[in-house]
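Chemist: Residue strings, one per chain:
2 protein chains.
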Amino acid sequence: MSASTSTQTALSIPPLQNDQFLRACLRMPTDFTPVWLMRQAGRYLPEYRATRERAGSFMGLATAPDLACEVTLQPLDRYALDAAILFSDILTVPDAMGLGLSFATGEGPKFASPVRDEAAVKALRVPDMNQLKYVFDAVGTIRRALSDAKGVGRVPLIGFSGSPWTLACYMVEGGGSDDYRLVKTMMYQRPDLMHQILAVNADAVALYLNTQIEAGAQAVMVFDSWGGVLADGAFQNFGLAYTRRVLSQLKKTHNGHRIPHIVFTKGGGLWLQEIADTGCDVVGLDWTMNLDKARAQVGHQVALQGNLDPMVLFASPEQIQAQAKAVLDSFGRPRNADGSHAGHVFNLGHGISQFTPPEHVSALVDTVHAHSRTLRD
Amino acid sequence: MSASTSTQTALSIPPLQNDQFLRACLRMPTDFTPVWLMRQAGRYLPEYRATRERAGSFMGLATAPDLACEVTLQPLDRYALDAAILFSDILTVPDAMGLGLSFATGEGPKFASPVRDEAAVKALRVPDMNQLKYVFDAVGTIRRALSDAKGVGRVPLIGFSGSPWTLACYMVEGGGSDDYRLVKTMMYQRPDLMHQILAVNADAVALYLNTQIEAGAQAVMVFDSWGGVLADGAFQNFGLAYTRRVLSQLKKTHNGHRIPHIVFTKGGGLWLQEIADTGCDVVGLDWTMNLDKARAQVGHQVALQGNLDPMVLFASPEQIQAQAKAVLDSFGRPRNADGSHAGHVFNLGHGISQFTPPEHVSALVDTVHAHSRTLRD
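Going down the list, the protein sequences come from chains Z and W.
In terms of this note's numbering, the first sequence has 133 at position 145, counting the first letter as 1, and numbering is strictly consecutive.
In terms of this note's numbering, the second sequence has -2 at position 10, counting the first letter as 1, and numbering is strictly consecutive.
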């Protein structure tokens, strides 16, 4: 890392033992392709399950900064990952709005008070960030835990939030859904109400992410997990417009350092150009997108993050290696013909499955590092 | 219809009271945009639920030709639909392979003997079509019921099958899935076994569709409901390659009449060009695809079918009308600048929801007919 660290000039990157993730996000030269995994701190790790057991409940874990820090660091201790991501849930913001988030065993999230009528919509407000203090405390705790004696971090810490539309899906449906009937009914029937929800969500998400940045998050990611269920047209009006409203309010720097903004829309490949045009630094891609084509389309505007099918991790280590190499080769050598650099952050195309054999992740991470070094000059 | 019916020359279309659907599939001039709805015979109709009740079970309904005919015709009696589609299930073929299909109340399909190991894969065979006689009998019964005294049908009858990959998903998972872990694990871990399943499925689907054509189906549709969950690369190798294997074996004509082939891949918008290149006549699109862009890309090769979000039907009739017009306007006037015609069959982007208010469907169908007439010269 020393070589590239010494060449950082134009863009200000914080001092880190491993800054490859931030460099890739900002399309600066890298020594290898950095890798992290969505949901890398999670149920597939026995040490996570042990901490979760001690916490008593998922929200007990998410709301205890020391425990959230503990599980955030667990995958970094096992694997040579190039970024940490705050352990939290994407639904903390609507919970802070008073919707009453809970997780029943073996089921997904549930809201006690879903937003289904005009009165509920009108009552929505950007929550007081004190309600989310546990998140910002966790960010600070993790940053300290990642730092060495001189205050230099091992790897950068990513903060995150659900996108306004994705939060609205859960807020109206009251939990997960397989057809998005309630939220789409409101969208098609009462677009005025949907726009109100999304406006409040956008402002809340922006404030939430900015407060994470102030607490120490060194990059932030907007998870638009359900943008891909929208129709063309509706995606632009109800999804992307509010992601843009978030991005327009986000801090681009903190303490003089650039804070990369990542937008991930599952199923958003058809709208890649429009997502890149939001002004984000990095676009996350799921496995349906061809990385070579994506780079040709928007690689001069944004870095790309992704995009291995998480189910590849159920194959043998040799097969995982072959698939990881194929993803890296599809992106190609980061150096462009004109000497500039394209940015690639290796990731899965969606969260890692809870059933993943933990030892398979090592095969993936190590292959990404080793093979991507061969794609540098 | 009289004007355009009299101009049919180059392509042979069977005599029908309403041949607009077949004409649109074959990119011949039409008087209006024909419309039918995926799952148009289904639970949202009280008359369907009454017949289903009498049948005792879903499979009881699907396997009784008279009852399958009855529910096939129900939506035609309510709405001015331009095509009938055989009432059946996409999983009849693996059921005939001996996997033991059943439908538990309130749940999706289940196979008693899912295909999960090498022995089960090796035992798979193209089933004897006598096992599926109830389907072909239903096709004949429906054709007779659609015919007037002179043997001229009201509208054409569409036959269908699941795609090889979509069938494989159910066969390996044993039912529905939200992560496709088992089928993808086999695909990534034992691609040889997956190719064997898909080869048998493709040959079985081709034979099944050809036998439907011989029994009277006037167009056939391959439902690749789960092609969109595949990674780029895997879609081509495990999805499209076997859809192509089906298409290459399908009858293009029967009794001198052209039989249009429709391929619908939910979530397949990124692969539109490759799907069109299979040689099918019509590509079905879900609501994420922009029809204007799709037509510009492949409208000179294939007709397009789609693509209203089924959830639009939960809005008010006025809102449904506006959204239906927007879909028609997005496709644009069928006549091309060079005088040739592009083909558009209006449909939903996926099956109609069981919770749809039946009266809302009238607003949709009538608007499609009225507005599309204004898009002709």
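Calculated from the structure, these hints are not laboratory results.
Hints should not be assumed to be uniformly reliable.
[What the hints assert, rightly or not] If you want a taste of the chain Z side facing chain W, the calculated C-beta under 10 angstroms gives, among others:
1. Ser0
2. Gln177
3. Leu181
4. Gly221
5. Asn278
6. Gln309
7. Ala314
8. Ser318
[What the hints assert, rightly or not] Computed far set for chain Z versus chain W, every beta-carbon distance over 12 angstroms:
9. Met47
10. Gly86
11. Ala100
12. Glu106
13. Asp116
14. Thr173
15. Asp220
16. Asp274
17. Ser304
18. Gln311
19. Asp326
20. Gln342
21. His359
22. Arg364
[What the hints assert, rightly or not] Reference listing, derived: stretches of chain Z covered by chain W, where coverage requires no fewer than 3 residues with Cβ under 8 angstroms from a Cβ of chain W:
23. 13 to 27
24. 64 to 77
25. 197 to 204
The C-beta atom is built at its ideal place from N, Cα and C for all residues, glycine as well.
Chemist: Evaluate the condition: distance from the CB of Z/Met47 to the nearest CB of chain W exceeds 12 angstroms.
Modeler: holds (23 angstroms)
Chemist: Run the C-beta distances from Z/Glu106 to all of chain W and say if the shortest one exceeds 12 angstroms.
Modeler: Given a closest Cβ separation of 16 angstroms, the condition holds.
Chemist: At least three residues with a C-beta closer than 8 angstroms to a C-beta of chain W: is that true for the segment 13 to 27 of chain Z?
Modeler: It is violated, with 0 qualifying residues against the three required.
Chemist: How does the segment 197 to 204 of chain Z fare against chain W when you require at least three residues with a CB closer than 8 angstroms, holds or violated?
Modeler: Violated - the segment 197 to 204 of chain Z has 0 residues with a Cβ nearer than 8 angstroms to chain W, which falls short of three.
Chemist: Could you check that no beta carbon of chain W comes within 12 angstroms of the beta carbon of Z/Gln311?
Modeler: Contrary to the label, Z/Gln311 does not stay out of reach of chain W, its closest Cβ about 7 angstroms off (not over 12 angstroms).
Chemist: Holds or violated: is the Cβ of Z/Gln342 farther than 12 angstroms from all Cβ atoms of chain W?
Modeler: Non-interface label on Z/Gln342 violated, nearest chain W Cβ at 10 angstroms vs cutoff 12 angstroms.
Chemist: With chain W as the partner, please determine if Z/Gln177 meets the hint condition of a C-beta pair closer than 10 angstroms.
Modeler: Given a least distance of 5 angstroms, the restraint on Z/Gln177 holds.
Chemist: Holds or violated: is the Cβ of Z/Ala100 farther than 12 angstroms from all Cβ atoms of chain W?
Modeler: The assertion about Z/Ala100 holds, with a minimum of 24 angstroms to chain W.
Chemist: Take a quick look at Z/Arg364 and tell me if its Cβ sits farther than 12 angstroms from every Cβ on chain W, holds or violated.
Modeler: holds (24 angstroms)
Chemist: Do the numbers back the hint for Z/Ser318, that is, is its least Cβ distance to chain W under 10 angstroms?
Modeler: Hint on Z/Ser318: holds, closest Cβ of chain W at ~8 angstroms, below 10 angstroms.
Chemist: Mind verifying the non-interface call on Z/Ser304? Its CB should be farther than 12 angstroms from each CB in chain W.
Modeler: violated (6 angstroms)
Chemist: Per the stated criterion, does the least C-beta distance between Z/Asp326 and chain W lie above 12 angstroms, as a non-interface residue requires?
Modeler: Check passes; 27 angstroms lies beyond 12 angstroms.
Hint compliance for this structure: hints 1, 3, 6, 14, 15, 16, 17, 18, 20, 23, 24, 25 are not met, and every other hint is.
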